[in-house]
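Undergrad: Single-letter residue listing:
Protein chains: 2
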Amino acid sequence: MYDLNQNFSRFPGGYLFAAVRQKKEEFQRSHPDADVISLGIGDVTKPLCPVVMKALEDAAAEMGDAATFRGYGPYEGYAFLREAIARVDFQQYGVKILPDEIFVGDGAKSDLAGITDLFSDRNRIAICEPTYPAYADSNVVGGRCGYFDEHTGRWTSVMYLDCTEDNGFVPEVPGMGASSPDIIYLCFPNNPTGVMITRSALQRWVNYALEKGAVILYDAAYNAFIETPDAPHTIYECAGAEQCAIELRSFSKTAGFTGMRLSYMVIPEALRCGGASLRNMWKRRLGARYNGAPYIIQRAGAAVYTPEGQKQTAQQVAEYKQNTKRIRAELEAMGYTAYGGTDAPYVWMKLPAGMKSWDFFDLLLTKAGVVGTPGVGFGADGEGFFRFTGFGTPERTEEALARIAKL
Amino acid sequence: MYDLNQNFSRFPGGYLFAAVRQKKEEFQRSHPDADVISLGIGDVTKPLCPVVMKALEDAAAEMGDAATFRGYGPYEGYAFLREAIARVDFQQYGVKILPDEIFVGDGAKSDLAGITDLFSDRNRIAICEPTYPAYADSNVVGGRCGYFDEHTGRWTSVMYLDCTEDNGFVPEVPGMGASSPDIIYLCFPNNPTGVMITRSALQRWVNYALEKGAVILYDAAYNAFIETPDAPHTIYECAGAEQCAIELRSFSKTAGFTGMRLSYMVIPEALRCGGASLRNMWKRRLGARYNGAPYIIQRAGAAVYTPEGQKQTAQQVAEYKQNTKRIRAELEAMGYTAYGGTDAPYVWMKLPAGMKSWDFFDLLLTKAGVVGTPGVGFGADGEGFFRFTGFGTPERTEEALARIAKL
Chain U
1 MYDLNQNFSR FPGGYLFAAV RQKKEEFQRS HPDADVISLG IGDVTKPLCP
51 VVMKALEDAA AEMGDAATFR GYGPYEGYAF LREAIARVDF QQYGVKILPD
101 EIFVGDGAKS DLAGITDLFS DRNRIAICEP TYPAYADSNV VGGRCGYFDE
151 HTGRWTSVMY LDCTEDNGFV PEVPGMGASS PDIIYLCFPN NPTGVMITRS
201 ALQRWVNYAL EKGAVILYDA AYNAFIETPD APHTIYECAG AEQCAIELRS
251 FSKTAGFTGM RLSYMVIPEA LRCGGASLRN MWKRRLGARY NGAPYIIQRA
301 GAAVYTPEGQ KQTAQQVAEY KQNTKRIRAE LEAMGYTAYG GTDAPYVWMK
351 LPAGMKSWDF FDLLLTKAGV VGTPGVGFGA DGEGFFRFTG FGTPERTEEA
401 LARIAKL
Chain A
1 MYDLNQNFSR FPGGYLFAAV RQKKEEFQRS HPDADVISLG IGDVTKPLCP
51 VVMKALEDAA AEMGDAATFR GYGPYEGYAF LREAIARVDF QQYGVKILPD
101 EIFVGDGAKS DLAGITDLFS DRNRIAICEP TYPAYADSNV VGGRCGYFDE
151 HTGRWTSVMY LDCTEDNGFV PEVPGMGASS PDIIYLCFPN NPTGVMITRS
201 ALQRWVNYAL EKGAVILYDA AYNAFIETPD APHTIYECAG AEQCAIELRS
251 FSKTAGFTGM RLSYMVIPEA LRCGGASLRN MWKRRLGARY NGAPYIIQRA
301 GAAVYTPEGQ KQTAQQVAEY KQNTKRIRAE LEAMGYTAYG GTDAPYVWMK
351 LPAGMKSWDF FDLLLTKAGV VGTPGVGFGA DGEGFFRFTG FGTPERTEEA
401 LARIAKL
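These protein sequence lines map, in sequence, to chains U and A.
Heads up: the first sequence begins at 1 in our numbering, then just goes up one per residue.
Heads up: the second sequence begins at 1 in our numbering, then just goes up one per residue.
Rather than coming from a laboratory, the hints here were simulated on the basis of the structure.
We put the CB at the ideal spot given by N, CA and C, even for glycine.
Please note that the accuracy of each hint is not assured.
[As the list claims (entries may be wrong)] Okay, the calculated beta carbon distance ranges per label pair: (1) A:H151 / U:P99: 34 to 40 Å; (2) A:R403 / U:N280: 32 to 38 Å; (3) A:G13 / U:T228: 55 to 61 Å; (4) U:Y147 / A:S179: 30 to 36 Å; (5) A:S179 / U:P174: 46 to 52 Å; (6) A:G274 / U:G175: 52 to 58 Å; (7) U:L210 / A:G274: 43 to 49 Å.
Make a model of the complete structure from these sequences and hints.
TA: Spelled out as structure tokens, the structure:
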């Protein structure tokens, strides 16, 4: 008689963004004429830029001709893409990452889930709070989170790194005497708070990981939004990071690829645990569990790294950021406190004292027809906050802000 | 200090097809003028058919226009694709599978890996031997295989279902008194032997699973190649299968999608363990660990289910099967014994007595410049056999056969 992975029973309710979508759909069913504006899920709205479109069309055409047709590709991704990534995303920042240290995937969520395969179930994970839910969720299946305590809204076995107004939403390394985590999730520019980490603060985390024998999973999905001078564009700008960190990147927000599904991970050759190379383990895993991203999607991804592609995607990012800056400025003008929006597509709004974030979600949806994301969905520390994204059009963003002002 | 998943150290050497590719590449480097013909890895060579190309181009164009651009899609796949699958792949065989029981993925290898998440590590798996290596490999990471015994070429914790000439490469259910497995992998039409199972033999496996409380993972990736009358086109043609079986399908061989990455799984609503619905568990897993297949790839997949798509892909499959039939007929004319090739793109050749399959691989590569797949790569029972695929062009297949005849 077969039996099931009991860790599944530990999931508390549904996935945050599925819950948000469901509430929105229910409201639209009961109010078919309502004009709902979504500033909730972090999904892009701009079409693929011209140079990406051209690459996509050319690659599609190749698939229709026997002379240029492509079947199975390398599990780790095509060299043309990995070489472009190494050159543009790392060499220009003075960081040496080789194409053989880059692994193309079909999305950061898949990569985050897959990478947990490399680690034993005994490791203690540390996550920022508030945080993107997939870090903990991807570890629930492997049993690394313990139980979800409905009272605290936290997992019993997870170490939480509090991100609060007091520390500017950037956690410090645990002090002397504190127990140390084994796997540390960091995300900068941060989702959901929108803040960026400084080079020196990130170096302290790298030093801490090296000292404690921890590994950092560094989610840099919003990298393209960084504008603060001297902010680190990759964790490998920090000395020693190649010995303790895996960096995750996504094309979703950089190039509007949420519907295209493309990502990559950097697993440096120097990253070893005991004598074992994590890079080699990942290669073995790919052979057993993955067959690579679609060729045409990889070609579209490579176009992002051409000079034209860099210019066109940067223009899109700049336009989204105009929205986040407008959101933050308007919220502040209305008297709210708001964070982020400078180095990230997110604005983290502080709710009036005592207001619960799901209550504000309901209020905003039913009274203003605007969808955002309740802060508590990102963890207990997120209660009392609300996330807005800059991925709408300028017109719809202004309309949403006008409606919020009338609340 | 973090530690690693020690199960990785149990992998014996590299992945079979990676090893084959490497040997081929090494030979080509040292013999740059050699004209090597690959009948090894099961990769298609024909371009995408016209109706799929049209859908791909149209969907790509949608991504370049803000009015039709698609971002994140449903984790389980778009309804337009799941509805087409339910109608064409199941209803026409009198089987009722609902779109809500269909989950779109990016390849059978990914799906096979992902589905293991649902089961506890205590389950005993049963696999046919010889077999596609991914069934065992995807379970190694979770620790369900025990240790690889280099002497026997088998995993210590896996139950093997011998597929031999004596049973026509179709295993019978374990007899009374034999210990019973919890998770049973079956693949028909079979890779690597190319044989098909009868409806009554498959029903015996379904009855056995129901009686023992086992779950069957039924890999029907080569479904489109079935031509034997009255052979089951889906396991759900068997009474009770919806209570004990998950069926896996791939677009790779059906529609030449190896470079496109598209697949689906059927997890029936009636499939429950204790009170738990495996379908609901999978939905929860998708929320935590996957973001869906690319929109344009799903549109291309849906085109396969149009009347034109069915006709065009069937034509491609028929052309590949002409090759397998030629391979089998010619091998038999040369005096070899060969199996399969009727309901599958594979021919399973018996080697002369005492010949090892890697030795034949080397002989074939160096003397004839032809690449096949050594039988032992599919497990110990595969020793003494060799797999050829029908995915070459007719001209190259004939050329390879002429070279083999001269060996």
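Undergrad: Given a hinted range of 34 to 40 Å, is it respected by the beta-carbon distance of A:H151 and U:P99?
TA: Roughly 39 Å apart at Cβ, these two residues keep to the hinted range, so it holds.
Undergrad: Could you see if the CB distance from A:G274 to U:G175 stays within 52 to 58 Å?
TA: The hinted range 52 to 58 Å is violated for A:G274 and U:G175, with Cβ atoms some 45 Å apart.
Undergrad: How does the Cβ-Cβ distance of U:Y147 and A:S179 compare with 30 to 36 Å: does it lie in that range?
TA: The hinted range 30 to 36 Å holds for U:Y147 and A:S179, with Cβ atoms some 34 Å apart.
Undergrad: Quick check on a hinted range of 46 to 52 Å for A:S179 and U:P174, using CB atoms only.
TA: Holds - the Cβ-Cβ distance for A:S179 and U:P174, about 49 Å, lies within 46 to 52 Å.
Undergrad: Does the Cβ-Cβ separation between U:L210 and A:G274 fall within 43 to 49 Å?
TA: holds (46 Å)
Undergrad: Holds or violated: 55 to 61 Å for the Cβ distance of A:G13 and U:T228?
TA: violated (48 Å)
Undergrad: Take the C-beta atom of A:R403 and the C-beta atom of U:N280, compute their distance, and say whether it sits inside 32 to 38 Å.
TA: Cβ of A:R403 to Cβ of U:N280: about 37 Å, so the range 32 to 38 Å holds.
Against the hints set out earlier in the document, violations occur for numbers 3, 6.
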